[in-house]
Amino acid sequence: MIALRPTTPDDAAALQALYAHCMTEATWLPESAKRDPILAEVTVGEVLHLAETAADGVVGFVSVQVADAFIHHLYGAPASRGRRVGRSLLDALQAWLPSPWRLKCVSRNGEALAFYRRLGWEALEAGESAHGPYLLLGFPAGATGEQVPEARRSGC
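Quick note on numbering: the sequence shown equals residues 1 to 156 in the UniProt record's numbering.
This list has only true hints and no planted wrong ones.
Cβ-Cβ distance ranges computed for the label pairs, FRET-style:
1. 1 / 38: 29 to 35 Å
2. 128 / 57: 32 to 38 Å
3. 79 / 9: 22 to 28 Å
4. 47 / 27: 25 to 31 Å
5. 79 / 38: 20 to 26 Å
6. 98 / 38: 26 to 32 Å
7. 6 / 128: 31 to 37 Å
8. 34 / 99: 28 to 34 Å
9. 120 / 17: 29 to 35 Å
10. 34 / 118: 24 to 30 Å
Rather than coming from a laboratory, the hints here were simulated on the basis of the structure. Note that the Cβ used here is the ideal one computed from N, Cα and C, for glycine as well.
Given these sequences and hints, build the entire structure.
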């Protein structure tokens, strides 16, 4: 069973380990983005919630820029793929984050793009970042994503 909750300072090491692993293993990221990834530096001022299980500990997290309803990070442990971690973290936002929501996804991250599309996210615009071309995706107000079948999490 997956439990979701806001993070605490005691979670920092587990969150950093997951983030570093996901960043260094991301085949779609340029090598420059994989050097010394430090979660605390890229989530300043953001609200983080995590997913955990009794057996595995932290299995995923979401980081949100609340004022903009912008999802900055969503990561799931590779061993948790297909266990609804990413979807559960996104679904839980409905309780505290007004929609519509937005996020950017690097275009080369095909698994993540497929995951978001299965949940009802729509491309709003394209752009270029230090990590390469990306799509700005939006999830409309009032949508729940329940109309779509279970999706495999893109992992890291």
